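Participant: On the provided structure of chain A, position chains B, C and D as indicated by the hints.
Number of protein chains: 4
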Amino acid sequence: MIDMLAMGRQVLASQAFSQLLGTELTAFHDDGVELRLPLHDKLKQQNGFAHGGVLSYLADNALTFAGGTRLGVAVLTAEYKINYLRPAVGTHLIARASVVYAGKTTATCRCDVFGVSEDGIEKLCATAQGTIAKAG
Amino acid sequence: MIDMLAMGRQVLASQAFSQLLGTELTAFHDDGVELRLPLHDKLKQQNGFAHGGVLSYLADNALTFAGGTRLGVAVLTAEYKINYLRPAVGTHLIARASVVYAGKTTATCRCDVFGVSEDGIEKLCATAQGTIAKAG
Amino acid sequence: MIDMLAMGRQVLASQAFSQLLGTELTAFHDDGVELRLPLHDKLKQQNGFAHGGVLSYLADNALTFAGGTRLGVAVLTAEYKINYLRPAVGTHLIARASVVYAGKTTATCRCDVFGVSEDGIEKLCATAQGTIAKAG
Amino acid sequence: MIDMLAMGRQVLASQAFSQLLGTELTAFHDDGVELRLPLHDKLKQQNGFAHGGVLSYLADNALTFAGGTRLGVAVLTAEYKINYLRPAVGTHLIARASVVYAGKTTATCRCDVFGVSEDGIEKLCATAQGTIAKAG
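Protein chains in written order, with this note's numbering: chain A, 12 to 147; chain B, 12 to 147; chain C, 12 to 147; chain D, 12 to 147.
In isolation and in its complexed conformation, chain A is listed as follows:
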């Protein structure tokens, strides 16, 4: 039996940029994926919120991992769009993504990004939709 979570964590560990930011993979199975990112000061913009680019990075990566649950690990994000809903604050961010529809070579996925407070209250701060494609 394949340990999907371990395999996903190996992919994440091989992304230098994800290591720089501190991203963790906390779920990776057929029903979806979850990435977790402690919101330390270096990830913020001028008003003390998570930088939009951090939310984008997290959404993009979660979408790719979601696509990977159907298309295999050799996947990349072809395109996506993101709507920012609220300033992202909290002790960490969580991105949850799942597959809306998968064909043979592409999958359309959705992702919600939450800011999570110290006591675990989640607030939706961005939502994304995009296309993941098999690499090569």
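It is worth saying that the hints were derived from the structure and are not from the lab. Be a bit skeptical, because a hint or two may be false.
The list makes no distinction among identical chains, and a pair is therefore deemed to hold if it is satisfied within one copy or across any two copies.
To be verified - List time: in silico DSSO-like cross-link candidates among lysine-lysine, alpha-carbon distance up to 27 Å: (1) Lys115 <-> Lys53; (2) Lys115 <-> Lys55; (3) Lys145 <-> Lys134; (4) Lys55 <-> Lys134; (5) Lys53 <-> Lys134; (6) Lys115 <-> Lys134; (7) Lys145 <-> Lys55; (8) Lys145 <-> Lys53; (9) Lys145 <-> Lys115.
Note that the structure is predicted; figures quoted are calculated from it, not measured.
Facilitator: Chains B, C and D in isolation, oriented as in the chain A frame:
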């Protein structure tokens, strides 16, 4: 006379995340903006290319600065979409953004992101379109 | 008590284009909206499927109505993106939209568009996400 | 020598929905495509402007034709996003689309949609970006 470039650089300097990545503002005027980011190893993914999240961050930030040329510095990205076109390689990345249409409170902007080789050859690797809104 | 569905149908009846196509509003309440469109031949493209423009129209309109449940009837679509998933076939199309997040002047909404067969089997054929804004 | 414009017009003529609306193909070559649509009353919404769904249809179709200049006529729109900029008024609409980047099986394209007054003044009313894919 206002030195727009100096003002823009001050905003960028106040973004901890942009400092972490090493982004520079190289143009900021009515015709558009340009961000430059040396492509060091920490910004890469598992295949040695710039991580998609880095391209997204750069596009998002360039779109916001472009909107800021019309709406003032207190702006934020409301939403955007990005298409990844080619793996991003080179010594640095450049993002160029401009305003397509500006109303009173929002501006629709476009951005192209290029990977630039040591000898200055630019290859388009992503293109984005989005809405910038006045904050507050 | 306001009859929301009747009010929504009045708006739809005042859209000449929606009348040309034959769109019906079948649900319009706080939890979301549903538009229904009989798939007659004039709505098709060269391969016998619903034209993508018809799916887009339906998604766009459903997103707007969804935003209207929170922002009032004087709303317009500011932007949206749509992913086409499958060829749309069947006796009619159904678009279901709901609000993901609503602020004071804008709402971010999602919409799924289904092709429905004679015996009521629904197949997801497009999914959309966009921003609805108060008019004026 | 292939008459691309004639070929494109044949495709458009085979789209029942494009015939219902009255769309004409006025340019179809390697540098881009142009669609033209007389803005008669049946294409409007409740405020007398072109219905957003009409702009979307036109952008979607122009994006597809643009992709077709590189990928061949058997293409479809995989996804796109559109920003509405101004109410669309005038005697007709024009959509101009071109290819930003083309790979072997997909092309990323852009489209601007204009409302054109009786005396030929064009006003940009929507802008779109999307992915066209080879069919099959």
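Participant: Now, for every hint given, state plainly whether the structure supports it.
Facilitator: Evaluation of the provided hints:
1. Lys115 <-> Lys53: neither (39 Å within a copy, 31 Å between copies)
2. Lys115 <-> Lys55: between (38 Å within a copy, 25 Å between copies)
3. Lys145 <-> Lys134: between (32 Å within a copy, 22 Å between copies)
4. Lys55 <-> Lys134: within (17 Å within a copy, 30 Å between copies)
5. Lys53 <-> Lys134: Cα proximity of lysine 53 and lysine 134: one copy only (21 Å, versus 30 Å across).
6. Lys115 <-> Lys134: Answer is between; shortest inter-copy Cα gap is 17 Å, intra-copy 34 Å.
7. Lys145 <-> Lys55: between (32 Å within a copy, 19 Å between copies)
8. Lys145 <-> Lys53: Answer is between; shortest inter-copy Cα gap is 24 Å, intra-copy 33 Å.
9. Lys145 <-> Lys115: Both: 9 Å inside a chain and 14 Å across chains, each within 27 Å.
The structure does not agree with numbered hint 1 stated previously, though it agrees with all others.
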